[in-house]
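Visitor: Single-letter residue listing:
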Amino acid sequence: MRNGHVTAPLAEPASETGAPLLELENVHVSYGAIHALKGVSLRVAPGQIVTLIGANGAGKSTTLRAITGLVRPRAGAIRLRGQEIGGLKPHRIVQLGVAMAPEGRRIFPNLTVAENLMMGAYHRTDAARIAADLDRVYRLFPRLYERRRQSGGTLSGGEQQMLAVGRALMSNPRILCLDEPSLGLAPALRQEVFRALAQLHQEGCTLLLVEQNARAALKLAQYAYVLETGRVVLEGPAHELAEDPQVRRAYLGEG
Amino acid sequence: MSFQTFVQQFFNGVSLGSLYALIAIGYTMVYGILRLINFAHGDVFMVGAYLFFYLVALFHLPWYLALAGAMLLAAGVGMLIDRAAYRPVREAPRISALITAVGVAFLLENGAIVALGARPKAFPRPAVMTQVYQISGANVLGVSFWVPVLALVLLALLLLLVYRTKVGMAMRAVATDMEATRLMGVDVDRVISYTFAVGSALAAAGGIMWAFKYPQIQPLMGVYPGWKAFTAAVVGGIGSIAGATLGGFLIGMVEILFVAFFPMHSGYRDAVIFALLILFLLVRPTGILGAPLKEKV
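Protein chains in written order, with the working numbering: chain A, 1 to 255; chain B, 1 to 297.
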């Protein structure tokens, strides 16, 4: 079942260049009395890897939760290809093309690896394309193929992260959001996850990456935003931010 | 106890146990997903019996069609209860949902008294249920034989649904991580609705077969079987379908054996089961097959 031909991945048609795929404009989110996002604006162009870096509690995860509909923005706009998606239910947003590999992986431990992947394709009905995407995920992460009949709970942390990414890809998204994909992984596995993300980028996928590991994220991404206490304090091409003295001091651990 | 009596009591226990199992599954599935004890579940059991009664009385349907029809209608009732009563308090603290469930139970019980009358009605039993079979020299009433058979068929269908269909996969996913399931593009409210439908259909089947066994129905008929099925779900391990099934058969057997061995104390048959509930809650609250308690965040 793994010799299916390579299908067109989640690449955006070339005609879309210029217009952002995803755009946040002045987004505010509150949890009760806590004002977690205080007017975040950002844009993700098709085919790009964009990363959000910042300290714990800066609002990185909240930004992703607002995009995927898990929290409702109090104000501001979230647009996918020009269409307002802010405040829609999460399942609608997934159907429109936003997938998420959540923090802590959140795979289904009692479902098999194959079932976990099929959950990612839940809203789709095109059986042939689903099978092709399943092939593609198994090529990206051969280990998942080997363990497809095992329950998700028996996988190691790194394998679970691969499963979380693969599961998100199964929805055939326009944009894949990743929340701390390297958190808690041994260095070798972390590299494997980043290698997979680079490969997805090569295939034309659009990624929005939230990472604690700013060094690795800035190396991989084309564009970056720095969040501090719910605001974007700095943005720019990733290689420029990696050279910025302020970023080097605060996030790359350099004097 | 003679061998014949044993065979008779065995069939009694199995048939009663299979009914508890059918009801317990509804408790356990809803609990597994929402962490809610649906106190109205026993009353859906009563609604199912009345639906069968009226389908036969008004439309003269054969019993198997009336059974299927009543299960379908009860599924709708279950979905309606979820939509009208539980969904509005989904984000509220869990105690609100629990109080709502008690309210729905009272509403169904008293609504049925008002609408259908408190006087018991004689239940139309199909002929196969009253036939007497000779098994190993013992006389076994049709109902004691056919009820477990029907229950096992329904159980097999349920397992097919839960383990071999897409919506069943979603039910298992929602039970472990509702938020992650939402991120998969699953309309979780709809999956919950289907869960209520399945549980309610099984409860209706239980109510109807209960009335095949004890052919009188009245609006409060679901209260004690409901509580005992809840006990079965707890004893088996709440949240687990296998546990609910095991617990159901166990409770049925214990009840029948208690009555068989202590006929002069048969008035305590309910008390014995509830003592078992208290015992399990004290000693092993996760039940026989339950996983260690994990607080859901």
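Derived from the structure by calculation, the hints contain no laboratory data. Just so it is clear, CB atoms sit at the ideal spot from N, CA and C, and this is done for glycine as well. Wrong hints could be hidden among the right ones.
Among the chain B residues that face chain A by a calculated CB cut under 7 Å, a handful are [as the list claims (entries may be wrong)]:
| id | residue |
| --- | --- |
| 1 | L80 |
| 2 | R83 |
| 3 | A173 |
| 4 | T176 |
| 5 | M178 |
| 6 | G185 |
| 7 | D187 |
Among the chain A residues that face chain B by a calculated CB cut under 8 Å, a handful are [as the list claims (entries may be wrong)]:
| id | residue |
| --- | --- |
| 8 | P90 |
| 9 | P109 |
| 10 | G120 |
In silico SDA-like pairs for lysine to any residue, Cα to Cα no more than 20 Å straight-line [to be verified]:
| id | chain 1 | residue 1 | chain 2 | residue 2 |
| --- | --- | --- | --- | --- |
| 11 | A | K89 | B | L107 |
| 12 | A | K89 | B | S193 |
| 13 | A | K38 | A | L96 |
Visitor: Would you mind marking each hint as holding or not holding in the structure?
Guide: Consistency of the hints with the structure:
For the restraint placing B:L80 at the interface with chain A, the shortest Cβ-Cβ distance is roughly 21 Å, beyond the 7 Å limit, so the hint is violated. The closest approach between the C-beta of B:R83 and any C-beta of chain A is roughly 16 Å, which is over the 7 Å cut-off, so the hint fails. For B:A173, the interface hint holds, since its Cβ comes within 7 Å of a Cβ in chain A; the closest pair sits about 5 Å apart. Satisfaction of the interface hint for B:T176 is found here, the shortest Cβ-Cβ separation to chain A being roughly 5 Å, below the 7 Å cut-off.
For B:M178, the shortest C-beta to C-beta distance to chain A is roughly 10 Å, which exceeds 7 Å, and the interface hint is violated. Interface hint status for B:G185: upheld, as the beta-carbon distance to the closest one in chain A is roughly 3 Å, under 7 Å. Of the supplied interface hints, the one on B:D187 holds, with its beta-carbon coming within about 5 Å of a beta-carbon of chain A, less than 7 Å. With 8 Å as the threshold, the beta carbon of A:P90 comes within range of chain B, its nearest partner Cβ sitting at about 4 Å, so the hint holds.
Given hint, A:P109 at the interface with chain B, holds; its Cβ is 6 Å from that chain's nearest Cβ, closer than 8 Å. For A:G120, the suggested interface contact is upheld, since its CB lies about 6 Å from the closest CB of chain B, less than 8 Å. Restraint check for A:K89 and B:L107: not satisfied, since their Cα atoms lie roughly 32 Å apart, outside the 20 Å limit. Taking the CA atoms of A:K89 and B:S193, the gap is about 17 Å. The hint holds against a cut of 20 Å.
Straight-line distance between C-alpha atoms of A:K38 and A:L96 comes to about 26 Å, which puts the hinted pair past the 20 Å bound.
Of the numbered hints given earlier, the model fails hints 1, 2, 5, 11, 13; all others are met.
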